[in-house]
Structures are given as structure tokens and as C-alpha cells.
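Q: For chain A, the structure is supplied; the task is to place chain B on it using the hints.
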Amino acid sequence: MDDAALLESLLGGDESAFTELVRRYHPTLVKVARYYVRSAASAEDVAQDTWIAVLKGIERFEGRSSFKTWLLRICVNRARTSGVKEHRSIPVDPNESGPTVAAHRFDKGGLWSDPPVPFTEAIDSRLDNTALLSAVRGAIDSLGEPQQAVVTLRDVEGLSTQEVATLLGLSEANVRVILHRGRARVREIVEEAMKGSKI
Amino acid sequence: MKLLSSPLVCRDAVELVSGYLDGTLSRRQRRRLEKHLAECDACTAYLDQMRATIAASGKVTPEDLPSDVLEGLVNLFRQYRDDT
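Residue numbers (my numbering), protein chains in the order written: chain A, 1 to 199; chain B, 1001 to 1084.
Same shape as in the complex, but just chain A (with noise of 0.2 Å):
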């Protein structure tokens, strides 16, 4: 059932409705959250005050943009305020600049020494796509931020370039930037694990 659909059903009331959005959506709502808060549990909070501001204000949505960008914006501006209680410092990215490739994997001229195996090999030999997408989400739960948040909005949740940026306040530049780094990291993880299938 599409988000809308549900939307429908929880406006009557439906249990299962707001069940079902807060399996699709809280697990999200955590991450973007935790890119403005200090702790894991301040996160969970803003996710917990996002959920009843939803059903709060549920009778009032126009449909004019997404529920999922509606849900997005609510769990921003929460996020927004809490963070600047705790006084926490937007993180920036750690490894901002450098190489986002192990220097190792190149020789002294720049060429890879050691090249990637393609994954559709491990796949197709030893894994199904099952393995691949839970090697993907156990890598992107284990970047940092700002990676985490960025990674999970345009990647997970298919979210353009630029609403990432307006969501994050970002710029355009920046959200690319942490982008790249961060999908560079997942792609290590799960190379890594599918090598480590092989065996």
C-alpha cells in the first residue's frame, strides 16, 4: 500500500495504518535526526515528538508535497530545535578531502594494484541479493555524519540532490561532496563482505 493509501486509513483511525508508516518511516526519521542531536536517544525522542506532531496535525495536511517530505520537514524542524538546546555543532564531514579509495589499492603511478572484484560475480556464485542489500544497510548504520543522514535521504529514500540540501541545510555542493564519500564507504563495507563470503 502506497503511503497515501495509508495516510487514508490512518485518517479514519486506522491502527495499522500508523503501524505500518512507522516501521516504513521511523528507522529514517532516527538517522536524520541524529545529524542534529548529541545522542542516540535525544534522536529517538525527535522521532517519538515527530509521530505525534503527525497525528496532531494529520487533518491538516494538504497533500501539497509528499506525507514523506511533509514527515521529513516536521522531523527537521524538531531536530532543528532540540539540537540547538544541546547546543550541539552541526558535524562535518571527518575526511572531508583525500582519497576516498585506499592509497594501498594503487601503485606508485596511480594504477589500481589491486582491483576491484566485480560483485555480480560474488553474487551470481555465492550470494543472493538478499546478502547484498543487508551488507548495504549494515554499511550505510555504520557511517558517521553527516554521511548517515545524507547517504540515507538521496540514496535510501530517493530524495533529489537539492531537497537533501534544503532538508539539511546544505548546500547543493556540499550534499554531492558528503555523497560521494559516503557511497564510497558503503561500497568498501560490502566489497569487503562479499569477499569475505567467498571463502
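Among the clues, some could well be false.
[As the list claims (entries may be wrong)] Which chain A residues face chain B? A few, computed with CB under 7 Å, are given here:
1. V22
2. W51
3. W70
4. F119
[Claimed, not checked] In silico PhoX-like pairs for lysine-lysine, Cα to Cα no more than 25 Å straight-line:
5. A:K56 to A:K85
6. A:K68 to A:K56
7. A:K108 to B:K1035
8. A:K195 to B:K1035
9. B:K1059 to A:K68
[To be verified] Over the 12 Å line for every Cβ pair with chain A, so calculated as not near, a few chain B residues:
10. R1027
11. R1028
12. R1031
13. E1034
14. K1035
15. A1038
16. K1059
Read the hints as simulated data drawn from the structure, not as lab findings.
Just so you know, even glycine gets a beta-carbon here, dropped at the ideal spot from N, CA and C.
A: Only chain B this time, still in chain A's reference frame:
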């Protein structure tokens, strides 16, 4: 200028892959990367890995919520419904 138009090495090519997939490279960068990819199987494998990673990210389903978190939220819903 000579440096800008010199062929890419793998170490630099991988830094352009994410932008390439998002279509945000300049025309010059894109051409340099495509030229490199045409001759480099390893960087093509890297590009394919990145493409697979991004595609898989879009298919990731959320992890199951801890039951206490879900129960807490459902209780909030019930309270809210009963109050209104």
C-alpha cells in the same frame, strides 16, 4: 592546461564516479572519465560496484523496529485516538 587534458589514472578516476552516476560532472570531466573507462576494466568494475551499491541502497527495507519502540508509538497512537 597540459595537466588538465592528460589522461586520468585510476586513483583519480574513482573520485569522479559518484558525480558521473548523478550526471553532475562537467563535460570535460565526463569525457576524460569515459575515455579512461573504455580502456580500464578495473575502473569499470568499480563503476559497476558503485552502481550496484546505489541501486541496492534504494531497495533496502528498514530494519525491524525494536518491539518496545513500536509498542511505545502504538500506545501513543491509542492515547491520541482515545483523547480525540
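Q: Now tell me if each hint is right for this structure.
A: Tested hints:
no.: 1; hint: V22; result: 5 Å, holds
no.: 2; hint: W51; result: 6 Å, holds
no.: 3; hint: W70; result: 18 Å, violated
no.: 4; hint: F119; result: 5 Å, holds
no.: 5; hint: A:K56 to A:K85; result: 23 Å, holds
no.: 6; hint: A:K68 to A:K56; result: 16 Å, holds
no.: 7; hint: A:K108 to B:K1035; result: 21 Å, holds
no.: 8; hint: A:K195 to B:K1035; result: 29 Å, violated
no.: 9; hint: B:K1059 to A:K68; result: 16 Å, holds
no.: 10; hint: R1027; result: 17 Å, holds
no.: 11; hint: R1028; result: 17 Å, holds
no.: 12; hint: R1031; result: 19 Å, holds
no.: 13; hint: E1034; result: 18 Å, holds
no.: 14; hint: K1035; result: 15 Å, holds
no.: 15; hint: A1038; result: 15 Å, holds
no.: 16; hint: K1059; result: 6 Å, violated
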